[in-house]
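Just so you know, the protein sequences line up as chains A and B, in that order. Under numbering that gives the first Met the number 0, the first residue of the first sequence is numbered 0, with each subsequent residue one higher. Under numbering that gives the first Met the number 0, the first residue of the second sequence is numbered 0, with each subsequent residue one higher.
Calculated directly from the structure, the hints in this document are not laboratory data. A hint or two may mislead.
[As the list claims (entries may be wrong)] Within a straight-line C-alpha distance of at most 30 Å, the following computed DSS-like cross-link-like pairs (lysine-lysine) qualify:
1) Lys262/B x Lys139/A
2) Lys139/A x Lys139/B
3) Lys262/A x Lys139/B
4) Lys139/B x Lys169/A
Given next are the chains, with one letter for each unit.
Protein chains: 2
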Amino acid sequence: MTPTNRTIVLASRPHGAPTPDNFRMEERPVPIPGAGELLLQLCYLSLDPYMRGRMNDAPSYTPPFELDAPLTGGAVSRVIESRNEGFAVGDLVLGHLGWQEYALSDGAGLTKLDAGMEHPSYALGALGMPGFTAWHGLLKVGVPRAADTVVVAGASGAVGSIVGQIASIKGARVVGVAGGPDKCRRVVGELGFDACVDHRDPGFAAALLAACPDGIDVYFENVGGAVFDAVLPLLNVGARVPVCGLIAHYNDASYSGGGATDKGPDRLPLVMTTILKRRICVEGFIISDHQAEHGDFLRDLGGWIAAGRVRVLEDVVDGLENAPEAFIGLLEGRNNGKLVIRATHA
Amino acid sequence: MTPTNRTIVLASRPHGAPTPDNFRMEERPVPIPGAGELLLQLCYLSLDPYMRGRMNDAPSYTPPFELDAPLTGGAVSRVIESRNEGFAVGDLVLGHLGWQEYALSDGAGLTKLDAGMEHPSYALGALGMPGFTAWHGLLKVGVPRAADTVVVAGASGAVGSIVGQIASIKGARVVGVAGGPDKCRRVVGELGFDACVDHRDPGFAAALLAACPDGIDVYFENVGGAVFDAVLPLLNVGARVPVCGLIAHYNDASYSGGGATDKGPDRLPLVMTTILKRRICVEGFIISDHQAEHGDFLRDLGGWIAAGRVRVLEDVVDGLENAPEAFIGLLEGRNNGKLVIRATHA
């Protein structure tokens, strides 16, 4: 049987939530490396909420995906052929690759991983972009002080789960927000948050108030929407709001450049008034701007994971063919922890 | 003729824009100082937009004015009787006093001014709270770099007029936003802004775009409303938005704690999305938090005014009896520069 290179391409751009027909699986030939090139076999593919933005044909901090071309993402791969003296067969590498089982590379942009590392997929999560995002956003933008109350949206997700654990290490009281009682139980029981509130519960706002008797000093914004509305009245004077993501809005027209089409009431005057009266700082950040801090991040988080002070929640889905459905579920909050696809050959 | 102490009290709380019947003039006896007290005669009274917030019975960064009691504000007064050895008759003092022609004080909270200063009213404006607000908000929150484009709302007002001139000194390209062609002409002609755009002009957004060919790096927010809507799409990656005031909203129910009652569309998702994608920092501040910087401010701004590098725009209205009408006009943008009341005896 000739091996085929199963590849998932963007078949059409979603309007609102993505659906399976926005994706198409193609069976392509396995490519043959030319001089200086490597053939990579996919081990783990990262699925991340920011990818939804790239499915729109709108300017953002990353360019749009092209129609009929493979979607791309962070991936851990194994070198299975090498015509590049910088890499040997068997090397484990991290790079930004297509949603496909085999890929060519000239080595540019690849980072070699320890070939014997116990959890190669961590390079896509806790020790990768989401972990780095959590570390920078909390410590450099949120800047929690000991005894602060830190509220973390998306608390069981790839970023939020790390944010809360770092905040605990720094001495803060940590309150998670997650979707559903099961996730909330894991956030408290497995990740050690002080409390976790279910944003799907009709009593969410009251429960958040009860969980934050001293108000909120840092709100790590990952979701937007109704969670932000409940957080706003609880923000203390001098509160910091790192804006890392807005998953509740990724399917909205306003996110893809469609303007303020969301129906009213207009919440902006209330938000700006609160920012003014309580001297709040709301600050967006994109982790790719902060590569200079990457070594510090790896030292910190690698140490905490090794010491058992940070636990990693992973949601591993087998088979590249399941990536579209898993990605659709990610935007609906169906994942538990960092979502990765494990390829058949991993 | 026995001198009377004309006093303006808060007769009722406004709903929306204040009207003359929210104020009442009373003729009270001139008080007699007791042991340790001073009798002060009003010279200049400061009228500032933040006072609108104090007319509401709602928590804010300053407590509400009380009904049937004198409104209060920054004032420059002359000591005309002293039973306090710290002050002599003839001393010129700055303090937070009532809207009244005579006041008692035990000296607490008063700052002596140079009794021979050429422009005592500057202590309420360029060298007072509004100037300090401008200096701190621009330099400590906005942090302009040379060649940045700085857009200043309320450009002919007490704060905005100083913000823009400091930004020019720091090497920025400075674009004002003001209400009406006359104000815009003064902002460019007298204050030296590089451009000024009239927010009342139907072509405002296009004119702002034309005046900011390299986008906006710092937007000094004084007004809110439609000006912010035009600024938002022009904000550059890494832009800073110090939120100093929201005069367009001071008469809104949402400002006085009434919640998000403004009609849609809801602009918040678009704003948060922009903050995220362009890594923007929106930060509220209140100048009373930053007293430690006051000496640096006075040294900087005093030097620039003395050297002719900062010009002071003042709108002086004679007679305390005209304070209510002048204050109503301030919220409508009818003033030109820092609005002060000059008392009959000044």
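Right, here's what the structure says about each hint:
The hinted pair formed by Lys262/B and Lys139/A fails the criterion: a straight-line CA distance of about 36 Å is larger than 30 Å. A C-alpha spacing of about 18 Å is found between Lys139/A and Lys139/B, which places the hinted pair at or below 30 Å, so the restraint holds. Distance hint between Lys262/A and Lys139/B is unfulfilled; the C-alpha atoms sit about 36 Å from each other, more than 30 Å. Our distance criterion of 30 Å between C-alpha atoms is met by Lys139/B and Lys169/A, whose separation comes to about 27 Å.
Hint compliance for this structure: hints 1, 3 are not met, and every other hint is.
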